[in-house]
Amino acid sequence: MELLIRNGFVYDPINGVNGEKMDIAVKDGKIVEKVNERRAKKIDATGMTIMPGGIDIHSHIAGGKVNAGRLLRPEDHFKDVEPKTAVTRSGVGYSIPSTFTTGYRYARMGWTTVMDPAMPPLEAKHTHEELSDTPIIDKASYPLLGDWWFVLEYLRDGKIEECARHVAWMIKATKGYAIKLVNPGGLEAWGFGRNVESIDDPVPYFGITPREIIRGLCKVNKLLNLPHTIHVHTNNLGKPGNYVTAIETMRCVEDLAEDGKPAIHITHCQFCAFKGDDWRTFESGAEEIANYVNAHSHVTMDMGQVIFTDTTTMTADGPFQYTLHMLSGNKWTNHDVETETSAGIVPFHYRRKSYVHATQWSIGLELALLIKDPWKILMTTDHPNGGPFIAYPRIVAWLMSRKAREATLKRINPKARSRSLLPSIDRELDFYEIAIVTRAGQAKALGLKNKGHLGVGADADIAIYNFNPETMDPSKKYKAVRRAFKRAAYTIKSGHVVVKDGEVLKHIDGATMWVDVQLREPCEIEVNENMKRRFKEYWTVEFENYPVSEDYLAVSHPIPVKADV
Amino acid sequence: MNVNLYPLKEFKLPIVAECINPDIFQEKSLKEIEALKVWEGNKQKRLGELFKVEAVETSFEAPVITIHGNASRVRRIGVGMKSGEIIIKGDAGMHLGEEMRGGKITVYGNVLGWAGSMMKGGTIEIYGNAGDYLGAPYRGSTEGMKDGKIIVHGNVGREAGAHMRKGIIKIYGSAGQFAGFRMKGGTIYVQKDCESRAGACMVDGTIVVGGHIESVMPTFTIEGLRKRVKIEEGEIVEAPFYLFIGDLTENGHGRLFIAKEPNPHLSHYEKFL
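Heads up: the sequence lines are chains A and B, in that order. Here numbering that gives the first Met the number 0 is used: position 245 in the first sequence is 244, and no number is missing along the way. Here numbering that gives the first Met the number 0 is used: position 81 in the second sequence is 80, and no number is missing along the way.
In case anyone wonders, no lab produced these hints; they're calculated from the structure. There could be a bad hint or two in this list.
[To be verified] Using 30 Å as the maximum straight-line C-alpha spacing, the simulated DSS-like pairs for lysine-lysine come out as follows:
| no. | chain 1 | residue 1 | chain 2 | residue 2 |
| --- | --- | --- | --- | --- |
| 1 | B | Lys42 | A | Lys499 |
| 2 | B | Lys165 | A | Lys485 |
| 3 | A | Lys78 | B | Lys169 |
| 4 | B | Lys145 | A | Lys352 |
| 5 | B | Lys11 | A | Lys83 |
| 6 | B | Lys44 | A | Lys505 |
| 7 | B | Lys51 | A | Lys83 |
| 8 | B | Lys88 | B | Lys30 |
| 9 | A | Lys83 | B | Lys44 |
| 10 | B | Lys27 | A | Lys78 |
| 11 | B | Lys8 | A | Lys83 |
| 12 | B | Lys42 | A | Lys83 |
| 13 | A | Lys78 | B | Lys165 |
| 14 | A | Lys485 | B | Lys11 |
| 15 | A | Lys78 | B | Lys36 |
| 16 | A | Lys78 | B | Lys88 |
| 17 | B | Lys27 | B | Lys81 |
| 18 | A | Lys78 | B | Lys81 |
| 19 | A | Lys78 | B | Lys42 |
Working from the sequences, and respecting the hints, build out all of it.
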């Protein structure tokens with residue numbers, strides 16, 4: 000099928016296109032130089048903004064933990080029901096939408112690629128079943144390897160190359176995309192009811208520190224040439240004073256970065272930018288983190304912005320969720336995954352009038368505005384931890400308009416307002432920078448070569464928003480920005496028009512991307528024998544049933560990578 | 000304008016009719032009311048396809064909606080209503096008057112579960128029996144009844160008034176297990192018998208049981224004997240009551256009044272006084 004999108008204002012930061020009026024031609028799901036004008040279907044985008052399809056680097060949309068959250072929160076679905084239409088299936092929201100609704104809602108906002116950031120290897124099959132059921136969008140998942148017994152043992156013994164071969168096998172077996180570390184060492188300690196307090200605190204029974212895990216996996220990541228860096232949820236997340244831990248975590252891999260390339264991704268940074276000794280002296284540590292990131296080039300991060308709404312917090316960081324449960328008194332599930340990892344789920348309501356919540360809201364935006372290079376700080380809510388992803392249009396408005404920020408500032412806790420740095424920040428992002436933080440930067444950080452841009456050969460994932468940047472000022476008309484991003488005028492996925500005026504027109508299956516790491520020498524036997532022995536002793540499944548085969552994925556999209564081991 | 004609704008058939012499928020609400024009917028013509036959307040099973044229908052709609056002109060400002068006949072399969076009647084009145088001369092389905100803020104609903108038959116769920120104001124009066132979760136929030140939610148009044152002349156099912164914060168529930172029949180579960184405030188009065196575990200995990204509020212109760216939870220402690228209990232303004236029950244305080248596992252100080260006479264098996268508590 001051929002498609003010609005005419006006359007829109009194109010924002011394509013990877014190719015340096017900044018709001019130029021141009022046509023985009025699409026053929027067979029790819030962007031091409033030109034198409035047959037007579038035959039092609041034409042879309043008139045006059046007076047509209049065109050961007051590559053949105054990308055979300057960190058959004059919990061599938062897997063055992065998300066599903067446990069769905070079970071825990073019937074009241075969350077009760078008030079947000081979507082009936083079926085001629086093309087879409089029925090489903091429910093709000094903070095933990097069902098799989099189909101997740102796909103439709105992302106597509107309605109013009110997002111076309113979403114990364115699920117925490118897959119316990121034992122639940123890889125479950126995760127992929129849900130990802131296969133998530134329509135329209137392309138997706139991938141990061142296996143949790145920061146507390147993986149084998150990794151801890153290899154790293155303790157200093158066997159980096161063996162560890163790399165093992166991780167390569169794991170990524171292939173779980174059909175994963177990147178290495179995820181959650182509270183490295185802390186989850187293993189949580190198995191014994193403990194936690195680690197800093198990156199130099201030893202992990203019980205392993206004699207290894209979080210610093211060694213982070214550095215080890217960073218080296219492994221480089222040996223394997225994985226497209227994304229290590230994806231780190233820092234230690235001490237959600238505790239006052241943890242900005243120090245975040246900076247130490249970034250600093251500990253400083254020497255591993257080569258030629259200015261990022262070596263670490265700090266995820267949902269808002270949650271690890273807290274200053275103060277306890278909740279009473281709690282304040283923002285965004286400035287310190289921003290100063291560090293502005294001076295170094297080996298880090299990318301995402302916001303983890305907080306939205307004032309009722310949401311569900313869920314992370315593999317079991318001890319943090321327990322603390323949150325004790326703090327809030329809300330119900331809690333500890334979703335333990337045998338020997339591998341853990342997870343906790345606690346419903347949470349972020350309130351404007353709460354000093355801590357309002358400060359958290361401020362921290363997210365401070366980070367995004369104080370870090371000068373938009374390629375380093377990406378937009379997320381850590382869905383659903385900071386708020387559901389359907390709030391992205393509001394974050395875009397806050398980033399683009401000082402007026403929008405002031406309107407919210409007026410309504411938050413007065414103490415939080417007086418301490419917030421936001422009134423002193425004049426910066427307003429333009430559409431070019433918004434395209435970076437929501438698309439191009441995300442694609443670059445993830446190493447997705449065919450996504451996040453509109454150059455020839457890229458995947459035809461395109462979002463068209465009904466906002467005219469020539470006649471309207473996003474800084475003043477922030478509500479119009481919000482409306483435009485809430486309901487994309489068109490979303491095009493793999494060359495198909497899937498959404499028009501915020502309504503889903505077509506149901507297509509998105510692909511599941513995974514990294515096919517090709518080692519110099521096959522290591523199957525070595526890994527298998529070692530694992531089989533352990534599986535007999537410690538796991539509840541047979542080793543043979545463990546790996547996810549490729550035919551398990553509805554639409555498999557392997558990304559071949561040549562490793563250095 | 001008052002509106003009468005007559006079911007056109009015996010409903011076999013569940014019907015979701017949030018539109019049966021005086022606020023929605025207000026200032027609508029008969030045609031517009033008939034065209035309101037309802038779900039019958041998985042099919043969307045018009046209200047006029049399921050009910051005969053009859054309008055009666057009156058001088059009253061807030062409309063009165065009367066359903067004549069069995070509406071036990073009609074769910075979500077009067078959801079979120081703020082004013083006016085609904086009268087059901089027959090049975091009503093689940094979620095009657097959910098999140099209601101004002102006005103009145105009167106049912107002359109029985110009602111299924113979740114009547115007055117998450118209620119914030121207004122009055123519901125039920126002359127028959129009510130199902131489970133009377134005035135309780137939807138499963139998983141802690142947003143209990145915030146205000147308003149529910150009067151049931153028959154019996155009610157389990158978990159009546161769960162998570163209740165304010166307001167009053169008066170039950171002139173018997174109540175099932177877990178009455179006032181996780182209650183934080185307000186009053187529940189059960190005139191007749193009450194099944195066990197009344198007030199489990201309650202933190203505050205008052206539960207009054209006038210009849211027999213199987214047992215009091217061991218996490219409640221006896222506080223004293225009272226000659227009478229005030230249910231609300233103008234309603235005082237004159238009889239000796241045991242007063243228990245709990246639930247101590249939740250550091251609660253809720254008050255559980257149990258009538259002395261129908262419960263001789265609780266007399267051993269008196270030695271602690």
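Hints and how they fare:
{"no.": "1", "hint": "Lys42/B to Lys499/A", "in the structure": "holds, 25 Å"}
{"no.": "2", "hint": "Lys165/B to Lys485/A", "in the structure": "violated, 38 Å"}
{"no.": "3", "hint": "Lys78/A to Lys169/B", "in the structure": "holds, 28 Å"}
{"no.": "4", "hint": "Lys145/B to Lys352/A", "in the structure": "holds, 20 Å"}
{"no.": "5", "hint": "Lys11/B to Lys83/A", "in the structure": "holds, 22 Å"}
{"no.": "6", "hint": "Lys44/B to Lys505/A", "in the structure": "holds, 25 Å"}
{"no.": "7", "hint": "Lys51/B to Lys83/A", "in the structure": "holds, 28 Å"}
{"no.": "8", "hint": "Lys88/B to Lys30/B", "in the structure": "holds, 24 Å"}
{"no.": "9", "hint": "Lys83/A to Lys44/B", "in the structure": "holds, 15 Å"}
{"no.": "10", "hint": "Lys27/B to Lys78/A", "in the structure": "holds, 26 Å"}
{"no.": "11", "hint": "Lys8/B to Lys83/A", "in the structure": "holds, 27 Å"}
{"no.": "12", "hint": "Lys42/B to Lys83/A", "in the structure": "holds, 11 Å"}
{"no.": "13", "hint": "Lys78/A to Lys165/B", "in the structure": "holds, 22 Å"}
{"no.": "14", "hint": "Lys485/A to Lys11/B", "in the structure": "violated, 40 Å"}
{"no.": "15", "hint": "Lys78/A to Lys36/B", "in the structure": "holds, 18 Å"}
{"no.": "16", "hint": "Lys78/A to Lys88/B", "in the structure": "holds, 29 Å"}
{"no.": "17", "hint": "Lys27/B to Lys81/B", "in the structure": "holds, 17 Å"}
{"no.": "18", "hint": "Lys78/A to Lys81/B", "in the structure": "holds, 19 Å"}
{"no.": "19", "hint": "Lys78/A to Lys42/B", "in the structure": "holds, 20 Å"}
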